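> Listed below are the residues making up each chain.
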Amino acid sequence: MINIYGYSIGGNSGKFEEIYNRDLTDGDFSISNLSIRTQSDTETVTKAKINIRQNEYPANITTDGNRQTLIFLENTPVMIFNVNKLKDLQTRNYIYTFILTTSELETQYVHRNIIYTFNKYSNVGDVDGNGQINVLDVVALSDGVISGNCKDIEDGYPCDLTGDGGYNVLDITTLANSILAGSIKNG
Amino acid sequence: MAKLYYGGGSTTIEGSDIRGVEIRYRGAIEIEDKTSNSFVISHQKNGIMIFPVGEGTLNELFDYTGEFRILSVIVADSNAKRVPTTIHRVMDYSELLTGNSEDMTTKSEDLSATYISGKKVAKTLLKQPNLNNQHTSGHDGALYLSDGNLWQGYFHVHLADNNAMTGKEHTEDSQDLYYADNKPTKNPSLVPYNVIIRNRKRKRVLRNRRRY
Numbered sequence: 001m002i003n004i005y006g007y008s009i010g011g012n013s014g015k016f017e018e019i020y021n022r023d024l025t026d027g028d029f030s031i032s033n034l035s036i037r038t039q040s041d042t043e044t045v046t047k048a049k050i051n052i053r054q055n056e057y058p059a060n061i062t063t064d065g066n067r068q069t070l071i072f073l074e075n076t077p078v079m080i081f082n083v084n085k086l087k088d089l090q091t092r093n094y095i096y097t098f099i100l101t102t103s104e105l106e107t108q109y110v111h112r113n114i115i116y117t118f119n120k121y122s123n124v125g126d127v128d129g130n131g132q133i134n135v136l137d138v139v140a141l142s143d144g145v146i147s148g149n150c151k152d153i154e155d156g157y158p159c160d161l162t163g164d165g166g167y168n169v170l171d172i173t174t175l176a177n178s179i180l181a182g183s184i185k186n187g
Numbered sequence: 001m002a003k004l005y006y007g008g009g010s011t012t013i014e015g016s017d018i019r020g021v022e023i024r025y026r027g028a029i030e031i032e033d034k035t036s037n038s039f040v041i042s043h044q045k046n047g048i049m050i051f052p053v054g055e056g057t058l059n060e061l062f063d064y065t066g067e068f069r070i071l072s073v074i075v076a077d078s079n080a081k082r083v084p085t086t087i088h089r090v091m092d093y094s095e096l097l098t099g100n101s102e103d104m105t106t107k108s109e110d111l112s113a114t115y116i117s118g119k120k121v122a123k124t125l126l127k128q129p130n131l132n133n134q135h136t137s138g139h140d141g142a143l144y145l146s147d148g149n150l151w152q153g154y155f156h157v158h159l160a161d162n163n164a165m166t167g168k169e170h171t172e173d174s175q176d177l178y179y180a181d182n183k184p185t186k187n188p189s190l191v192p193y194n195v196i197i198r199n200r201k202r203k204r205v206l207r208n209r210r211r212y
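In order, the protein sequence lines correspond to chains Y and C. Here the first sequence stands for residues 1 to 187, where the numbers follow this note's numbering. Here the second sequence stands for residues 1 to 212, where the numbers follow this note's numbering.
Treat the hints loosely; a few may be bogus.
[Unchecked claim] Rough simulated footprint, nothing fancy, chain Y against chain C, three-plus residues with beta-carbon under 8 Å:
| hint | segment |
| --- | --- |
| 1 | 14-24 |
| 2 | 83-90 |
[What the hints assert, rightly or not] Here are the simulated lysine-lysine pairs, DSS-like style, with alpha carbons at most 27 Å apart:
| hint | chain 1 | residue 1 | chain 2 | residue 2 |
| --- | --- | --- | --- | --- |
| 3 | Y | K85 | C | K203 |
| 4 | C | K81 | Y | K151 |
| 5 | Y | K87 | C | K127 |
| 6 | C | K45 | Y | K151 |
| 7 | C | K81 | C | K183 |
| 8 | Y | K151 | C | K186 |
| 9 | Y | K151 | C | K201 |
| 10 | C | K203 | Y | K87 |
Derived by calculation from the structure, the hints in this document are not laboratory data. Being a predicted model, the structure only gives us computed values, none of them experimental. Using N, Cα and C, we set each Cβ at its ideal position, and we do this for glycine too.
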């Protein structure tokens with residue numbers, strides 16, 4: 001019996017049957033570089049495919065002792081959905097079917113339930129939306145507060161540090177201090 | 001390109017259109033703000049940030065006493081873009097006197113001089129710890145007194161914990177100010193409220209999903 005003990009998608013890895021993609025802000029979302037790790041003391045995977053929307057994509061297989069890594073979609077990104085239609089923190093649930101052929105010439109159908117959770121907006125404090133939070137964001141926020149342009153930013157989420165619905169000097173000092181104190185995380 | 005100079009008790013930045021500076025350092029200093037009223041200097045842990053609350057650009061930053069060794073710096077221009085910056089330590093004569101003459105041909109940072117200017121201080125502190133002269137008329141957002149009444153008038157902000165209090169400057173009569181729902185502006189944890197709200201929302205979504 002082939003045991004699947006881990007997987008990763010596009011650099012995000014996990015042990016469980018859930019994976020969370022963050023900071024997907026807009027456009028079509030494609031999956032690529034999907035890999036699963038398998039383990040068996042009695043047999044090996046000789047051929048593997050993933051079935052997505054009735055299309056099958058083969059895997060490259062690497063073996064290390066009784067463990068194997070099956071890499072799917074390395075050069076074949078598959079579009080899943082358009083995130084523009086999702087709300088913040090909305091989840092999408094996909095069941096991927098892996099078809100594994102073993103050294104015992106058996107075929108195993110393995111279903112894995114993968115949940116995507118979307119963070120549509122930039123993180124709080126990431127005013128320039130580049131994934132890093134530093135003095136550049138404080139200056140951008142300050143300029144936005146001074147010029148009154150913060151409301152033009154969609155949802156204003158990154159700029160409203162204090163959560164009071166306004167954009168003001170308290171947001172600026174809060175952002176500056178939380179950066180210095182390390183109490184707000186990058187990315 | 002910008003150049004940050006420090007040493008001999010003062011810190012300046014040379015460059016055009018500089019609007020913000022974030023410094024990571026080692027040591028402990030007493031900071032005297034030398035910027036204009038359009039800028040604020042705040043410090044937490046091993047970081048110092050000079051950021052704008054008005055128009056203008058930066059040149060003189062602050063004077064200091066104590067031990068100060070800058071480890072890294074991030075500089076922002078008026079477009080909130082990063083400006084490549086080099087750090088230059090300025091040695092004063094008294095520091096050189098404590099070094100060896102043969103060290104004069106080595107790089108300044110390799111000299112045996114200490115990074116101390118004036119007397120050593122136990123921990124970093126700001127000589128101007130508050131942001132003064134703020135007024136609710138130019139403030140996008142409501143501030144309330146502890147009894148729930150809307151505050152309209154001058155206030156100041158304590159940079160250590162973001163506490164907004166009544167009055168142009170701090171006095172014995174200054175009162176704490178609150179956001180709506182009696183949420184204090186004072187936030188010693190320095191974790192922004194909206195980060196807390198968002199994390200709670202995320203946890204709730206994930207908990208519901210797992211339960212499902």
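> Which hint numbers doesn't this structure obey?
As far as the earlier hints go, 2, 5, 6 and 7 are violated by this structure, in ascending order.
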